[in-house]
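Asker: Now for the letters of each chain:
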Amino acid sequence: MSPEKKVVVKKHAYQVNDELADKIRESMKSKNKLFFNMMGSIGAGKTLILEQLAAKLSSKYRVFVINGDVATTIDSDRIAKQGATTVQINTGGGCHLSAKLIQNELDKINIDDYDIFIAENVGNLICPAAWDIGAQLNITVVSITEGEYVVKKHPIIFKNAAIAIINKCDLDGLGFNSDVLAEDASKLKSGMKVILTSAKTGQGIDELIKALGIEP
Amino acid sequence: MHEYSVASAIVDQVKAIVEEHKAIQVKKIIVSASPYEMIIPELLIEAYGIIIHELDKFKNSTLEIQISKAEISCLECDYKGEPDEKGDPEFAYNFICPKCGSRDTHINMKNLTIESVDLVIPDN
Ligand SMILES: Nc1nc2c(ncn2[C@@H]2O[C@H](COP(=O)(O)OP(=O)(O)OP(=O)(O)O)[C@@H](O)[C@H]2O)c(=O)[nH]1
Ligand SMILES: [Mg+2]
Ligand SMILES: [Zn+2]
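Residue numbers (this note's numbering), protein chains in the order written: chain A, 1 to 216; chain B, 1001 to 1124.
Careful, some of the hints might be misleading.
Said to hold, decoys possible - The calculated BS3-like cross-link candidates involving lysine-lysine, where the alpha carbons are at most 30 Å apart (straight line), are: (1) A:Lys100 x B:Lys1086; (2) A:Lys153 x B:Lys1086; (3) B:Lys1080 x A:Lys23; (4) B:Lys1080 x A:Lys152; (5) A:Lys31 x A:Lys152; (6) A:Lys100 x A:Lys81; (7) B:Lys1015 x B:Lys1028; (8) B:Lys1027 x B:Lys1069; (9) B:Lys1110 x A:Lys33; (10) A:Lys29 x B:Lys1110.
To be verified - Label-pair distances were calculated between CB atoms; the ranges are: (11) B:Gln1066 x A:Ile209: 43 to 51 Å; (12) B:Glu1064 x A:Glu19: 21 to 29 Å; (13) B:Ser1102 x A:Lys10: 29 to 37 Å; (14) A:Ile209 x B:Gly1101: 31 to 39 Å; (15) B:Tyr1036 x A:Pro3: 33 to 41 Å; (16) B:Glu1076 x A:Asp22: 19 to 27 Å; (17) A:Gly83 x B:Gly1081: 45 to 53 Å; (18) A:Thr201 x B:Cys1100: 39 to 47 Å; (19) A:Asn90 x B:Glu1046: 21 to 29 Å; (20) B:Lys1027 x A:Glu19: 25 to 33 Å.
Hint data in this document are derived by calculation from the structure and do not stem from the laboratory. Glycine included, every Cβ here is placed at the ideal spot set by N, Cα and C.
Construct the entire structure; sequences and hints are all you get.
Answerer: Structure, rendered in structure tokens:
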């Protein structure tokens, strides 16, 4: 019989991810780069918002967008048409991006070739909240067509964000309502920036750019 | 759900410990999780079973999950500790600070901790 041994570990399961995330955050900051993590539900309008952002920012900034999706390159192709450089990470069923997946993509490029980095996380209001990807600021997007109770049911992903976007406001009053969502998002966390947008009409996009601290 | 990624993260860390101790076999991993962890313990154990299927040193090992205490921290005062049972009547998974009454609290959902690993070491 070989001897057995109990090793006391006391380490967080997320530790390796979180350490890498911190490293990414520090290295981006030291190079004066901006890195944002856009989270939100499926179909909330994350990609269309990024198309709007890319269209407005690409003349002045070099924007790099990392699209996390379970499969396909549809989203990155859409955003690339608006002047950003894009790359699609297919998580192959995985429900969130991780620091490792981001680092893998950053290793393939020269960070100095870009000014602003944005990750579109996998459409999901639960799992991305647990995985730090090294962004300096998290944005959570929901749309008014998802009903009035999304914030109440999924407060965690909003707690982890500095900006809450309530999208599809062009449909406000047409059977959908932004009031409760906006009120809940600001009530849940003091200092939360709540922005009402329509990625279809462009409403709120300038306000978003300002909230991100980007000189338009 | 991300139990699969969490299980992989645990296995990766334990692999390093196996290396460090030159172990030949993993017998048991004990992790602790708070009640509001974003994982379902049964699914985590299932995912663990799938991942270790191909790993010789992990064959027949078990993953045990112990439930630890929930912990909130208040962003308005300095309270850090257990929430009360009442919760926040308006928001799921949110808690009112028992000290100052603020709802601006953060529940720690990333307390998932690898507590210990039982290893078989070669005798020499
Ligand atoms: N009316 C309206 N439709 C929108 C708006 N934003 C997005 N849409 C539509 O909603 C659908 C989903 O938009 P996407 O931008 O693909 O959403 P997404 O969050 O990136 O979706 P996933 O990446 O699949 O999770 C598309 O048909 C968009 O045209 C909006 O502000 N108003
Ligand atoms: Mg998308
Ligand atoms: Zn308090």
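Asker: Just pull the numbers of the violated hints for me, sorted ascending.
Answerer: 1, 5
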